[in-house]
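A.B. asks: Listed here are the chains, written in short residue letters.
There are 2 protein chains.
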Amino acid sequence: MPKQRGKQTSALTSPVTIASSACVAGSKEGRGPLRSNIDSIYEDSMLGLKSWEQAESAMQRDALNLALSKGNIPESALRFVLAGDLLGQCIGSAFSARECDTPFIGLFGACSTITEALGLGALLIDGGFADRLAAITSSHFCGAERQFRMPLEYGGQRPTTAQWTVTGAGAAVLEKAGLRNSAGNPRISHVTFGKVVDMGIKDVSFMGASMAPAAFSTLSAHFEDCGLSPEDYDLIVTGDLGSAGSEILRELFQKNGVTLGERYKDCGMMIFDPHDTDVGAGGSGCGCSAVTLCGHILNGMREKKWRRVLFCGTGALFSPMSAQQGESIPSICHAVRIIGGE
Amino acid sequence: MPKQRGKQTSALTSPVTIASSACVAGSKEGRGPLRSNIDSIYEDSMLGLKSWEQAESAMQRDALNLALSKGNIPESALRFVLAGDLLGQCIGSAFSARECDTPFIGLFGACSTITEALGLGALLIDGGFADRLAAITSSHFCGAERQFRMPLEYGGQRPTTAQWTVTGAGAAVLEKAGLRNSAGNPRISHVTFGKVVDMGIKDVSFMGASMAPAAFSTLSAHFEDCGLSPEDYDLIVTGDLGSAGSEILRELFQKNGVTLGERYKDCGMMIFDPHDTDVGAGGSGCGCSAVTLCGHILNGMREKKWRRVLFCGTGALFSPMSAQQGESIPSICHAVRIIGGE
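Going line by line, the protein sequences match chains X and F.
Residue numbers for the first sequence follow this note's numbering, so the first one is 1 and each next one is one higher.
Residue numbers for the second sequence follow this note's numbering, so the first one is 1 and each next one is one higher.
Okay, chain X solo, but in the shape it has when bound:
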């Protein structure tokens, strides 16, 4: 079978095993519906450190260390670490990687970064360039507010379409198939990298509207390239379109005669208590999809709850400066097909 499927999809020769995964999060996430799948919940959003940025780096390290120890994998067995985050110049990842004696590949895909890391990582393993590597991303509510919005002390009001940046990190260790007994572990079989889509939306309090067309573009390409339809999946998950954005995605498909139905979920709508009115349209941030995937979804796949999952990270590629300059929001979505273990 050709590895280049259609215009955008890479088909792996052998599915790459997700050997282990772990996630960590803050107390608000720890009170949400996914709490039983979060490996470590911090009551102190500073993690006892001096800044939110240091805390975010520490969350990345904790998520990686937990994933390694859960999988009984020494850090020295990793060939690469692929990581990224939302902070300017990706300092959450770079400062975490200082403590890691492994070649580091820095990525930026905004909130889609965990999927970019898993996708690239899977291709590097299938290409023969690594037997084992880690994908990590993170975000921190307080660091993101300081950077993208207002000082926390200001107590600004938010429109209902605004989303709440998740404080958390997720890490997954990918492994070459057959390296050891990995029955039961989920596996990545296809990767669809997305194009940058910009429909002219400028409202940074409604990122779901800017990201939904990017998700539509990548999911449509995935279905076409692979000859699949939504019915071929038990679960289709977008990263963080939130309630308003995921409604737009459903409508875009409906207009094309495709019903996503009950199998479609959004991490932004899964991670927080639905009665928590703080969070507006739902969660966002690199940590939102990473925590949901590396905990709830991958654990559910290990428990055979779902067998065929399409995981679609979504990212709004703007910056505080581009927003101040009145630019619209370019967006992206990358998708990985994850299949249940044997």
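Treat the hints with care, as some may be off.
Which copy? The list can't say, so a pair holds if one copy fits it or any two copies do.
[What the hints assert, rightly or not] The calculated lysine-lysine pairs, modelled on DSS-like cross-linking and capped at a C-alpha distance of 27 Å, are:
1) 7 with 265
2) 265 with 202
3) 3 with 176
4) 176 with 7
5) 305 with 265
6) 176 with 70
7) 50 with 202
8) 202 with 255
9) 265 with 50
10) 255 with 305
11) 70 with 7
12) 255 with 7
13) 304 with 265
14) 70 with 305
15) 176 with 305
16) 70 with 255
Everything labelled a hint here was simulated from the structure, so no lab data went into it.
From a predicted model like this one, the values you see are computed outputs, not experimental measurements.
Add chain F to chain X, keeping to what the hints say.
C.D. replies: Showing chain F alone in chain X's frame:
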């Protein structure tokens, strides 16, 4: 031969061709010694647009379009665009990629990003996931000053170890070997991804000192993994250590009994007029190594001036916020081995 060579190096099954490359730059760079290898020189640092950030995105597009037209390659023949820049949230790349109908993979490696893009791109092609793709990076002096340092109007003094961010962009199109007649074009045969190294340097006006140990780490790993020494290269080039940083790199090797000698150069010391006292220790920024490589070095290889080149992008992975918080500067270096065409 194994594709995983030693601890950090990837050896390609078939060298990947650099089918075409182009670079664009500002007027200061256009007055420097590399001017004859710059495809387009802008007299207006705004490129007639409304912001330096828009100008930087336009430079990325121009560099890509020039590389495509020089290689007689339609954009539709690209499978991926790999790109990154120094601006927060990589907006230089994301806004450029809006106009591109090709899947986009966003990277962040600070000034090492062009090497990260070439390295990952080469592995994706050798792994069978693309026949052709583009690697692009950029930086803009005015945008970088606004973001990392002082408003230009302030006219701040700079220490002699400070570097001057290059206004420019470079793009290279990588192609699977044998896809068409590519005799004479340089080829990538090995990629060494680096670890994050932080020796505790906090002076953002002396980034060369923080990056030199990262360059030493990656070059040492490359030589060990491949069983090579500096004598096996006609040219060894670091990205932008500048005069002070490259002197440190020479000393680090000398202490280990290895002489880099005359074959060792640094892009930061090549790009500006050596009598230009503005530029301190030399050029920096993602554009520095990208312009030098995609013009001067690759053209020189096509003219058989050098046959074996080790190109080592170097990056300081700090942010304005991490510097304000008093953090030290994590640094990285990625290296690609480039060999002359047949």
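A.B. asks: For every hint, state whether the structure bears it out.
C.D. replies: How the hints compare with the structure:
1. 7 with 265: Classified as within; 26 Å inside a copy, 40 Å across copies.
2. 265 with 202: within (25 Å within a copy, 45 Å between copies)
3. 3 with 176: The answer is both: 16 Å in one copy and 14 Å across copies each meet 27 Å.
4. 176 with 7: both (25 Å within a copy, 17 Å between copies)
5. 305 with 265: within (15 Å within a copy, 57 Å between copies)
6. 176 with 70: Answer is within: at 18 Å inside a copy they meet the 27 Å cutoff, but 39 Å across does not.
7. 50 with 202: between (34 Å within a copy, 17 Å between copies)
8. 202 with 255: within (24 Å within a copy, 55 Å between copies)
9. 265 with 50: neither (36 Å within a copy, 40 Å between copies)
10. 255 with 305: For residue 255 and residue 305, the Cα distance exceeds 27 Å both inside one copy (30 Å) and across copies (59 Å).
11. 70 with 7: between (37 Å within a copy, 24 Å between copies)
12. 255 with 7: within (23 Å within a copy, 51 Å between copies)
13. 304 with 265: within (18 Å within a copy, 56 Å between copies)
14. 70 with 305: Result: close within a single copy only, 20 Å intra versus 53 Å inter.
15. 176 with 305: Answer is within; shortest intra-copy Cα gap is 24 Å, inter-copy 41 Å.
16. 70 with 255: neither (44 Å within a copy, 42 Å between copies)
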